[in-house]
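Engineer: Spelled out, the chains give:
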Amino acid sequence: MAQSNKPPSRWNDERVERIMGTLLQSGVIISAVVVLAGGILYLLRYARLPLHYENFVAERESLRGLAGLGNSALHGDGRAIVEVGLLLLIATPVARVLFSIIAFALEKDRLYVVLTLIVFVILIYSLFGGAT
Amino acid sequence: MPLLVVAFHVNIKYAIGASLISVIATSSGAAAAYVRGGFSNIRIGMFLEIATTMGALFGAFLAARLAGGIIAIVFGSVLIISSVLSMGGHEEKFTGPPDRWAIRLKLNSAYPTAHGPENYEVCRVPAGFGMMFGAGTLSGLLGIGSGAFKVLAMDQVMRIPFKVSTTTSNFMIGVTAAASAGIYLRRGFVAPVLVMPVVLGVLAGSVIGTRVLVRARTRWLRIIFALVIAALGMEMVYGGITGRF
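Residue numbers (the working numbering), protein chains in the order written: chain L, 1 to 132; chain E, 133 to 377.
Careful, some of the hints might be misleading.
As the list claims (entries may be wrong) - Heads up, incomplete: computed chain L residues facing chain E, CB under 7 Å, no partners named:
1. Val94
2. Thr116
3. Leu117
Hints listed in this document are in silico derivations from the structure and should not be mistaken for laboratory results.
Ideal Cβ placement from N, Cα and C applies to all residues, glycine included.
Chain E on its own, in the form it takes in the complex:
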């Protein structure tokens, strides 16, 4: 979305619409490849989607009522902070008491590794659920997938293994974006001719990207991920200060 606004001088409202559509294309386009890996957890995804879709509706509601510059600055700052957080890492296994909600909602599961399936337990479910509402709000407000925040909530707060977090979040961003895309479409923020090349490009990219993820090392995934969100954050703050939004 910043690319559309900065490089191609597209109005921010059209960029939001195009961006939401591209998020859905990424999510659905990559889904089949992710699913085959067996990493994603549909119960975690579906439960947290209650929070993200409600947040998305709230965000789309806010988007029509808040000044763009303020939103961009706040959002950019949060992105920079989160990129620093994600570099921290937490390789130690969590040893506290099991989370009541995780058991009741059957969120604990296992994922395949080189040494066979490995079990994991989900922690701090209410806090993760709350963060997901925030991630959904940002998604609806700015037309992004806010996959970075979803991964942050699952990885850092709920202590879900990184590959499970990223693949489950890929499922979730599509549903979250669909929740606000409906509203943006009805507002007339989706310009078909602008979205067309974006969609076709994103589809090609996500198909290639998922081929890489299944084999990639977690450590490198983390670093690339952190750099991308830091760059996005600085972009947003700069844009907000210079009054571009």
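Isolated chain L (complex conformation):
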């Protein structure tokens, strides 16, 4: 196993972390704006209906598929727009992991490229693959 005698370069790590922080915060701000916009649209249309969350009914099918979701969002469905915002929010940590793979590759830290890839594969599996 490759083992470097010098400590990891702090300057590189720090720069990577700073870019990562900016990336995460932009992702959060964008998703917050989308969620807020969708929420306002939804409230304008359905403000007078009472909400019922005491009983559990799985969200309707059209909101769960990606294609159906995009379609509803484009038609100005407030709920769908909120959910697009939530997907963006879930994507921010995934983007961080993806960015870390690139950053470790640039630092030529092969061990951590592999370790980070494992995390990335697990995340992708959770989002798209396998049984629920």
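Position chain E against the provided structure of chain L, taking the given hints into account.
Structural biologist: For chain E alone, coordinates are given in the frame of chain L:
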């Protein structure tokens, strides 16, 4: 999450979905402020995330198959115990032999203090890794960030300085929650209209909170942290016994 269930009578499944989303919002929202401090260690975070994300998948798998009441009671008890543990403290420096894994994985590093950068060495890596799998499982099972457990594993077991533990765990809870959020979303446990106000509130709160942390004293952080998890623990046990979950 207990607040949603108790105060607003939201069904536990919607609460889990909303809670996971709010965990991600907290983690990503606070990230930029933490990063600027230079406390977090991305190698420790990334290595341990292998354990937490696998645990999160396992927890989400279990959540569909276990009785809620039992889970809540066990979880609440563990929370109370951990709050007592975290009050104990360990100011002495670790003096044993350096951990093989910590060296091989390049986990040892330094963090800024008032007197310049201070080096730290990471201990008992395999035990910490194992605890992280447990923390991830709880996260996937209950829809929490289980940041308290991640801090416990890093602070008490791996002997990572408290500020490094808390900021690194903040990074980790977002990735961990994303691992189970995908599954919960596909199960239809995320109600967009319920989550919206939760997300916006959490974002505002985490931005204010991180401004405080960078300046706060470690001792007070510990006490507040211990009180919060003790209260959460009692809440969970009570809820489990009265069959609320």
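Engineer: May I ask you to test the interface hint for valine 94(L) with respect to chain E, counting a Cβ-Cβ separation under 7 Å as satisfied?
Structural biologist: 6 Å, holds
Engineer: Report holds or violated for the interface hint on leucine 117(L), using the least CB-CB distance to chain E and a cut-off of 7 Å.
Structural biologist: It is violated, given that the least Cβ distance between leucine 117(L) and chain E is near 10 Å, above 7 Å.
Engineer: Min Cβ distance, threonine 116(L) to chain E: is it shorter than 7 Å?
Structural biologist: 5 Å, holds
Taken one by one, the earlier hints fail for this structure only at number 3.
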